Amino acid sequence: MIKAILIFNNHGKPRMSKFYEHYTEDTEQQIIRETFHLVSKRDENVCNFLEGGLLIGGSENKLIYRHYATLYFVFCVDSSESELGILDLIQVFVETLDKCFENVCELDLIFHLDKVHNILAEMVMGGMVLETNMSEIITQVEAQGKMEKSEAGIAGAPARAVSAVKNMNLPEMPKNINIGDISIKVPNLPSFK
Amino acid sequence: MALKIVKGSIDRMFDKNLQDLVRGIRNHKEDEAKYISTCIDEIKQELKQDNIAVKANAVCKLTYLQMLGYDVSWAAFNIVEVMSSSKFTYKRIGYLAASQCFHEGTDVIMLTTNQIRKDLSSPHQYDTGVALTGLSCFVTPDLARDLANDIMTLMSHTKPYIRKKAVLIMYKVFLKYPESLRPAFPRLKEKLEDPDPGVQSAAVNVICELARRNPKNYLSLAPLFFKLMTSSTNNWVLIKIIKLFGALTPLEPRLGKKMIEPLTNLIHSTSAMSLLYECVNTVIAVLISLSSGMPNHSASIQLCVQKLRILIEDSDQNLKYLGLLAMSKILKTHPKSVQSHKDLILQCLDDKDESIRLRALDLLYGMVSKKNLMEIVKKLMLHVDKAEGTTYRDELLTKIIDICSQSNYQYITNFEWYISILVELTRLEGTRHGHLIASQMLDVAIRVKAIRGFAVAQMATLLDNAHLLTGNTQRNGICEVLYAAAWICGEFSEHLEEPMQTLEAMLRPKVATLPGHIQAVYVQNAAKLFATVLRKHEGETDSQAAQETSQLLIDRLPLFVQSANLEVQERASCILQLVKYIQKLQQKNVEVAEEVTALFAGELNPVAPKAQKKVPIPEGLDLDAWINEPPSESESEDEKPKAVFTKEEHKHSRSRHTEVDEKELARRREARKQEQANNPFYIKASPSSQKVYDAPGVEHIPVVQIDLSVPLKVPGVPMSDQYLKLEEERRQKDKAERKKKEKKKKREKRGKGRKADSGPESEEDIRPAHQVDIVTEEMPENALPSDDDDKDPNDPHKALDIDLDNLLSGSSSRPLADSEKLPVRTHRPEVLKSPAEDRVHESIPQETKKRSGKEKKEKKKGKEKDRKRSKEEKKKKKHKEVEEELLESQPEEAVQSEETKEAAAPPTSAEEETAPSSAAAVDTSSAAALESEPDEPKDAEPEDTKSSKHKKKKQKKEKEEKEKKKKKRHHHHHHHSDAGGEDSVQNGTVEEEEPLPPMSNYSLLAENSYIKMMKEDADQVYDIQGNHQDESKVVVSVIFENKSDSFLKSMEFNVMDSLNSKLQRPEGAGPHDSLTVPFQLPPGVSNEARFVFSVQSIVMPQKLKGTLTFIVKSDESSTHEKLDFKLHFTCTSYLITTPCYSDAYAKLLESGDLKGSSLRLEGISMPFHHLLARICFHHHFSVVERIDSCASMYSRSIQGHHVCLLVKTSDQTVSIDAKCDEPSLLGNVLDEIKQTFSKC
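Residue numbers (this note's numbering), protein chains in the order written: chain A, 1 to 193; chain B, 1 to 1240.
FYI, nobody ran anything at the bench for these hints, they're computed from the structure. Treat the hints with care, as some may be off.
Claimed, not checked - Within a straight-line C-alpha distance of at most 30 Å, the following computed DSS-like cross-link-like pairs (lysine-lysine) qualify:
id	chain 1	residue 1	chain 2	residue 2
1	B	Lys1033	B	Lys1122
2	B	Lys1033	A	Lys115
3	B	Lys16	B	Lys44
4	B	Lys379	A	Lys41
5	A	Lys41	B	Lys1122
6	B	Lys342	B	Lys329
All figures in this text were calculated on a predicted structure; none of them were measured in a lab.
Here chain B stands alone, though its shape is the one from the complex:
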């Protein structure tokens, strides 16, 4: 063996390792690709060998090649092989490769589940660590589901190294498998207070990541985080927490108020810039959230702004950048405080660092006012001229437009100025934002009526000088502007002074070089202009001008009719015909202007961007219905052969195509040219053939060559700077006028105090130069603009928006629904799906009442609470509110003793007795059913989990305990996977089968005229941890129901211990002392208490004698009473529902360690799935597999005995073959099963 290893490694010596590969690649710089492809061939050979070391080496090399961009997914299976090596060295190589190239689409990933599980539970911490690291990179929903439980167990690992990794990876698990969040959350929260700082930091990290997306669910953690923030010294943790608070404060302003002080302290005290910066950021977030109500935080704002100014003035560019970034956040709510630093920000615009310039630009956006807009934009225009490189200049351009157009052109006082800015911006070479400028022009022209005259004039000039815009091919983006110009000129042509001239400009042959959509607009608007021209000349006696216009159109339009663009072609030919017709009419001296104008009558209003979405679907319109029936089958069949044929041919030609390499192509091309040259009939391409389509006379148009380095001035276009001066003058004038007026006023009202008019002008003082009439955008009737539809439905974090609050208040209450249980799912909830339905209606209101009753009780216990409120709540019966109420009362509950909490069953208050469905009114048996039923049916409906809360609480706790146990088991029995459990459940119940009858696991214990005791099957069993390895605990829930009219108190519960089973008594109590039941019972009320027994041997059923003593207190007397009972521990109660994979099950049976036994039941008439459900429910089995009328089932005892059943049924006969490694246990269980079925 050893020899073989040595031999193997000697062979290996001559294999290339990673270093050799790298070296080789570096030596083959010229033909790297070729070298690598030979290397890949070698690797493929190596992967075929059996030696794992060789494989690992190959995989290691693949990881390197993957980084270089080679696809290595073909080796995925080999990677899995290397991952499963027992040697850490190879395992690590495998996991590294997997983390680099596995993803959700990798199919072999599902083979890894068990391997990963094995590694996770490895005794070597680094195996576990490597598996966790790898898994964090390639976890899929399936892996997350299957491994969530194992990872959760690792969160409590003894080694902090593993704990922190397990905690961190949970975030990935949550993302892929959101259902795991609720069950895992309590433990995650625990880790916030882990003694190891690394684990703590990981937990903070995960919760911050979660809370960032759905902050409202984490508000309740705020106190804990607050504590951490004031106690932690780890800057990483502090930064994370402070960032988290930034996300939380907008939701809870009170929190913000509390934060300010400690944050300010941190700002003053810390030396770490990163921390300081994050503090400032969060203070800003707090201030934003408070901005409405709290005026007296100006000190904090000042502090922030002051600190930020220091950052911005710092020589470190990073701090400068961040300072600006944070400043822009303040700007939103406190623009005034930032505006005073305008100098600093404008200075940053000149910074050599583009990132900083961009940030400064962002800030400018918020700093403009009516007063300084023109000035700021002027500065920006200067930068536009200076800016090199198109990206930054484009950014400037968009910013200018953003700044001006923000909040409905709020800050623009002079639209003429704005239009001229836009026109100036068209000078930009090679900008990508032509369409942006165009849409602004359109928007302004449409929505500001007063500006139309000016705008049209400007646009006409633009059209006239279109050659300047289109002359250079580089300037293509900008020709979009012509689209707007043409439309504006056409639509508002009544404002045109020289429509004829513009029309001529729009029909120049050069237009045909513009993009199609612009040409189309040109053609259409030429028609509009034509109408205007006709109208203008209508009154004149001489129709010469009008006819000339028609002739112009008829001459020029054919150019467009030939356009390759369909839109242009269609419009042009349409209009051409129209004009021809008009011309005919004109020649007959018919007045046509009116009709032609009517073609374009009507105002086009802007439509809101969301208007289309808001149009309601008319009644009776079904958008999904076919308008015409889809083509019938036969038709499509007819077509099929054709399609197949063409497809095949296509494929053929393509494949041939790919075969042809470059050389071949060149050779063929050459051959073809030869052939063509020799062929006298072949018409050769000549340059003139292209020109045929060109319009006549193009060459004669002089093309003006412009030296573009000189800023270009479009003749006739006023420069925006003029407006700045004009505006100044205008304002001065205004001011002077106002002063005059005020003086007048002063003279009139002499007694009044002086008004400060010499100070800076306030915003309102600046009056717009034009009557700004902004047309609002149109929306369908009754539709309101809203942003609610902007959310991304694909956000993975949406699934994590899970309410966690009810998990958090007090360690003892974890109302997790059964369906949420992470790992190993119990069988019952799903099996018992259907009987719930008719019961639910009954039980929900009752439950609700019970709960509010419980609140009352808590309140009665001396904890003061607003009574009215809970009454109101009760009236509403809204589960949610009740739940909130419960949450609030939870801290109080925590004061109560542990036992009280465990026994927190529903005591109905006196008020409820009158309620029709009160528990007291129902006869005993159905009461029993009701008592026990609600939790089962509800489990089937996750929606409803809240409504059976009190039960849940108890049950959940027990489930947790069970879970814990199962998790422990998991390490030893890998085959018991959750997935298996789920599958088996599905196999066990076919949904369509008829509903199951209700089942109760409560049985009558004892009863007299005063009290009734009911025992729940003692299925709450768990191992005791620690020293008593051989001892198991059984929890018995007993419901006490007061049947009398008197008050029952001082109940004491006692049991005669046997050698095997002992009641667990509190420390210090003697072996015969009784336990006080931790509650009293008013008349008609029932409550539940739980008692813990320790059990030595579980192979035999047990019976324990016991007594309950209590005092019956009525108005006049009080008597001592006693009730004897017998507690029966069946063997069934030692079984735990444990799911099992079918393959694991088969292995178990094959192993031969199990001894068999069988049972026959005659005359069973119930459906098979009821039968299974009963066995599952009463005897804690789970279905492994079900085929028709045959099912295999599995369960395990608390001491680890496997119990396997094979249940078959035919004609009312059920045969059960059973196997177990403990024959006497099996015999007893079978007897109990028999009993169960004999009862019904």
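Isolated chain A, as found in the complex:
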């Protein structure tokens, strides 16, 4: 079982958090902070496993993480998951994000939290791995995206236009905000299959 999936940046700011067990908001933040603390002090070339997610579930659990550009992707899993399997899953997740956002960067995740959740929901459900095949995931995500668009129809058009205008007028176009928005470069690791 996967207990939690966290994405935060190099400064520990949460970018997405998905807990498959219930915690209060305060505990969740504490878990994120502590996880960041544990993960961030590790060198780049050490192993990607960390024992003792103290806050989540105790000693049986492991933290398995990957660091891409400005973001940490951390999965907290119990002993029923294969460590290397989860590493590959993180890779699939990031590659899927990359496909869905076209060169994903931290800002994409910040501004489209709902979309990230929707993509994740096609991969992991209730803490269990649902799908590992990237093309299948993308197909489903896109099909649902299409459905949303068709629902928006005419009614959605003005809103979209305004949104575009807002983006034009505002000096802080997301892509221009300088927070080191280097796109996450997805290295080509040997794929799982």
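With chain A held as given, fit chain B onto it using these hints.
Showing chain B alone in chain A's frame:
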């Protein structure tokens, strides 16, 4: 309308959307909290609007804020609103928010049940998908119970996308509602072979998750998984399966043997590291499970270790880590194979990666032996010195202690060395593990008698140098060691060379800065030392020394008497008085040493950790009883007003407190200071006021400042390294001696072959330096140490420890008890609770026998089986064993024709005829009752389900069919919820009411001197699926009972079809051909066969003429006989028990589509609940609601007609008002009800 929408969306344009919110937050870095709170206010406004788009937008923003740590539970209701939007876009937003913030405590969650059900059955797969995803995050026991059936239906959805989600979510449902596991399991198992790989993978996932917690229940799936493992190419699935096998093999070693080969093949062939690693892991698990019996698997172990070494040597840190992890598993059973890689592991200790170092440490734990313990610990001590950061160093420290103390100090040959290691460890700065070291010191000193002298000497030195340990505030954790030191010195003071000096050290004023519990031990043990000192000086003529000691105590103890710690204070004042008294006696030259020593006489033995738990409660002691009566009511009332008063005041002051903000506080503080400064009577705090309590002369004690960067050496404490050298020397000497001896021996026995003494020393050769006398821990008499009480009672998986095996063997047999039926519960089991009780005793043994009889029959049918075994089993009459037996015979059964299985009613074998309660011996009517009764009463008792197995099997199948049908219906009638069914049942029967009379739904069909036919009410009805939508099927069960002394065979059953009802004949048979009854009947035996009829119209009762022909075969002759009968299909038999919510029921009645009719029954004397039970039982109704002597009931026909009854009773008169959308059906049903009651 369209205009309104456009207008709405134009308004919306200026609302903030998620992107605007994020942007805003980023622009307000300085006052983020303030900005967000204004945003939340805006969101609250938006949520108040009617426009669902606005609400959805607001909820979307809330989801973001939730991630940032804001509590959004106040918007739960709005989230539900958004979830129930018909637009997918909004629905998804709603479900996402719900999945992020709903949990079991969210109260609005119960409002979602119907919405979720609607979404689950939505024609759009993504609506269903989104609902499933959301539900997986917030499913509660209630939701799980109410929706289990709907989800189970989705497991067979046409879209694999839905199927895989439904399969996966079942795990969550099981966790929350364990009762669903058994009913859902067969279908889950089916999904293991789903054509879609995603669904298959999901099913594997769920079963692996289940099996991990309760592996033994899933052993029977092993063949299926084995097949999957050899056929699947999906690495995810393979990994899961291989992990599952790892969990299963410890339970079934035979499985392990089978696994080795395919796993080894995989190891050799796969290129995926993840798979390779899991294979190695499982091979290890297999080897562990085999380790006892199978010596010839060394090749496999070698392969594993070799592969792991490759992993560990890999540059990829992840592989290195995992390699070490797996290695530690091998270590447990095959330490030798790992020990040869010690070099590699010690190398890993130097790795820069902490995770890897920790893993390597773990491995070391298992690699020590008597021979290398000192060497390894020395290495670790070096690391301790080098280690930076306290976490890893603490880990090292615990590991050192773990390694040394493992299995009762098995590997320690020299305890002096160990004590000095412990003392060396006290040098660690800022460790949290002071208490660990202390407890080791205590343990060793207590349990190894030979070491006490040495230990005491060491501890005395420690006490003497206590300032080194306590001098630095950072080193606080370590001062725990002094606790042990003081106790050891006190308790074993007879070993002390200079007790006086130690006593002095223990009473130094600095001690008062130690934590209270340590001071207390100091004081207490000072008294012990005092006793020793007195004893020492007793014989001497000059009592000067003894008196000086007393004076010392009297001088120093007052310091402790002033302690703030109660324990210290109490002990100190007690001892102070004692010493004063002794001093008086001493001045009179009275010899007191003996008495004082007697105070501390007696050995304290260590007590086993579980000893307390094992102490039996003495007879007659009731721990729950009050010792004194609790205070009476009146007393508490007296106190109440007081309590209320104080409470209120408290509250008041607190609330005021919270109002005061920082500024205000600062202002007041300032004002107070001003006031104090101006007040001449206010005594100001001065630094000297604190010192009043300090002991005199503290300032004069020189405090040694130590440069701590230099490794600290406590003077007088030998370094452990010395021991290493000493040990080496000692071993050399030993060896030399042994050699000498052996040479001698050799000389003596010249003919004997040479012994290899130059090889490495074996374990046994190393002789401990001390006589190690480990005192065992004390336990109460007759108590055995055990681990059985270590299980966590709160583990949710415990509830899932459900035996599933009897579900698995053959698709036709699903012995699910009625009470386990998932979705819509039938009415009868609960209603018929009570009549069972007196019957059960009678029927269980009989049932058991019947079953074993059945086994016999199967065996007779040419399938060879060990006869003796089944006889033995019969003797034991243990249901469980019988069941196992049944399981084993199931595969054979599968060979039999479908019909045989359906007709698998109990044939009693010849042996049973002699049994007193044999079916043949009972007269026909009660036999009929017995025949039919057992399944009903038993249903009420889930415990007993096994005992009426053969019936169950049949019934279950039928129930399944019914279930299926009901599930189908569910989509169209959401209001027919399970919960409703349950409630109504509870309403229908009040438990205390008097027991119900037994009821039978079997009626006599026809009878002659040879045979009796009994028909069960044809309530097993189901829709035919596929093309014949308008046609329904009715299954009729007929029991054939042989009343003659002859053998009956070649029974043929035939019915004259009517236009409306037709007997279903096998394909190719003509419309008038008869059906062969698939069994023969020995004398006195009865068996049951089922016949399927197709029915066109159900509004009228039907009668069909039929004939049964058979051959009566006795020893001398055989004759052809025939029996005519009439099959009567009542309208009742077309009704299915369907529960109904009361609100849905009310709606149904209000709708006005139903036509009414009524019925009056006079002279009914039975209790009302019997009456209801009868209607439920015979006419397949369920109680919707019952109020006193009035009840509403509901049922539905197989073609979907609703039948509603309102039953009232007063003075032996029962009036039934009925409504149905098909008047003629209703009329017939009422007639039948009337008949039922006229009979009794």
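Results of checking the hints against the structure:
no.	hint	result
1	B:Lys1033 to B:Lys1122	holds (27 Å)
2	B:Lys1033 to A:Lys115	violated (50 Å)
3	B:Lys16 to B:Lys44	holds (13 Å)
4	B:Lys379 to A:Lys41	holds (27 Å)
5	A:Lys41 to B:Lys1122	violated (91 Å)
6	B:Lys342 to B:Lys329	holds (15 Å)
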